[in-house]
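Since the structure of chain X is already known, use the hints to place chain P on it.
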Amino acid sequence: MRNRLLQPATLLFLILCLPVLALAQAAVPDKQCSPTGPQNLTDYVEGRICENLRSRVDQTDPTKQAAPPAAAANSTSLVERSSAPDLLGFGLDFLNLSDKAAGDKKSATPKTLTFSAYALRTKLAGKDPLDPKVYNDNAKWRSVSFTVGYDVPENSNDRDPVIGIKWLAYNGRDVSSKDNRTEIGKIQEALKPASRNFAAIDDDVRIYLFTALQKRSKLPAGVVQQSDFDNKILSPTDTQLILDSLTDDEKKNIDRIILKYINAFRTLDVTTRNAVQAIRTRPQLALSFTTTQRKGKRPDEYAGTLTFDKGMGTNSLSINGSFIMKRNGIKGKDSNGGQFAAAIHLPLNGFNPLAYRDPMLFSLEANGTAMTGTAPIFKAQAKLTIPIIAGMEIPISVSVANRTEFVKEKEVKGKFGFTFDVSKALKAFRDNFVKIQ
Amino acid sequence: MANDQPAVSSRCKKTRRVLRNVHMQDGQHLHYFVTVDGATPVFSLSCRHKTHFSADDLGPPVKNYEKIWQKSDADEEAGQDGESYAFTTAFAAALKYTLRVELHDAAHTRVGDGVIVDADYESDNPLVSCNEAFVIRTKP
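Here the protein sequences line up with chains X and P, keeping their order.
Just so you know, the first sequence maps onto residues 1 to 437 in our numbering.
Just so you know, the second sequence maps onto residues 1 to 140 in our numbering.
Chain P extracted, bound-state conformation:
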């Protein structure tokens, strides 16, 4: 789903170029790219069970973060039909985040057009946080 018309609220301005759900196959992984403008990034990727990664887990503040997320990292339970993942950002010391999520095969090659998320989240209000959610399915 491409949406170049930004959604603007007091929370943050979102510009979504691509946003879709993903069904991962064996041997595939998601490659997360997070780009930040500002002083100190604050963000997390979580499912309901746990936080999968956060800015503070990925080392000192930098502009570009990358994280490879394997299918085996998923927590989808037997009774679940896919699981929601939330990418949450805070703007206390940052102005803009760009999230890009790509579906890669085992050889780190993008699968098809393979872009799951490509979106900007921005705010000059240090008190707000902002969320993006999409569903990852890992069952055959």
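For reference, chain X alone in the conformation it holds in the complex:
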């Protein structure tokens, strides 16, 4: 009965997604150019440069997987991705929306923890993982990650241990690689004229404002010389009073000064966008091994997976091929087989109703599994990953399968999870911790 209701709901969800997707993928302008807090003249000028440049660029790297491995039965991913978090990731599937463990009781929650060898090494050595020298000297350590945790089989409360290791055999997106350092070097070269032009704008604007306000006898109290005025415009409070006293023409003249120097900022913007895009669309190839040690009569699983990721514009494609062994020990028959999976990840840049810092990510995923002695299983899934704050995301998914491992009937499931990427959140937490201290 529940499946009958969920199937049309899933179809409706997918149909509604398609037109929204086209709109949501469209580029949108910068979310906000002007500071939300107090601003001095530098911040005001920076905001005006931004307003004049207004062009939206992709902000996402959708390939770092903090979620449970796709091999976990209750994972919100059908397809494994090549990258793991640089430091540590935590995956939790809160709620299996169509679970039926024991009557109305929900089953236990699967949990996995993914951490890089780099995180372990820097922790044990007492080094700062965000030190550029440490980061660049240890690229090989970042290519290996481990996953530990447990899986909860469908419709049960068992907690089956999951252990995995992943080796990023080829990481085209490592910012410490020679090719990517060259891309970063291009940004540095474009930054130099932008920096000179910012100094020129600041010079021209402070002198223009002092002269204009002096002519109108509207200089702030206590200001006699240019140097007095220069001190005032460093203060957000004084700057706000000065800005409030400007006429429309004076504000337009500030924009005219900015426009004289705008090309260097446009070049920096385009160079940065191209460099980031070039890095993010490079391919990645990973090899992983995951085992799930089942309890009771369920077979232990061993899976070796080859994963390939490639960026395509702002989207990315992931393809997996796996060899799977299921061992029943002395009690039953072993089975071997394979799985092929593919996914496309689409950042919804144009749909940002709650002003999240990063865009939501829409993923379409599918996999097919064939094992000896059983009929093939085909699954398809639509997933929406909603960023909450830096490093924290909620994935919501709806999946359809022709059958499940244990039941020969169609199945439609909804899932709701939570992922946490420590490398993205570390900075925010550390800063807050310092403030509390």
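To be clear, the hints were calculated from the coordinates, so they are not data collected in a lab.
In this text, all values refer to a predicted model and were calculated from it rather than measured experimentally.
Some hints here could point you the wrong way.
For each label pair, taking beta carbons as the anchor points, the in silico distance ranges come out as [said to hold, decoys possible]:
hint, chain 1, residue 1, chain 2, residue 2, range
1, X, Phe146, P, Asp75, 49 to 55 Å
2, X, Asn263, P, Pro60, 27 to 33 Å
3, P, Ala107, X, Gln225, 29 to 35 Å
Glycine included, C-beta positions come from ideal geometry on N, C-alpha and C.
Using the frame of chain X, we list chain P on its own:
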């Protein structure tokens, strides 16, 4: 000027503990300290005439950079009343920069409280750059 209330925009979050202009005397120099979190720092200090130093001029990526900037390095022209300097950062491969600028005498001792800039600039958006500006006067 101390401003512990961060200014946050799509460009970057700035936390300024100290920000002031400086009038340098003969024999004094500015000592720049730049601290970075991330993989590859990208930053420059410039006036309108030239770039005075950049991350790539200061060697391979490290966490702590230092640069001594003499009064004679200034480009203030005859008709100028002080000159603006911009410290510009990019976040393509870095998360946070801390800039500290101190006024030192010839013996490398801080002059008075001597801190000209002490501020953090941070962003997790690799596409943004961020600017800080202050005025340096070198004429008597």
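key: Violations among the numbered hints   = none
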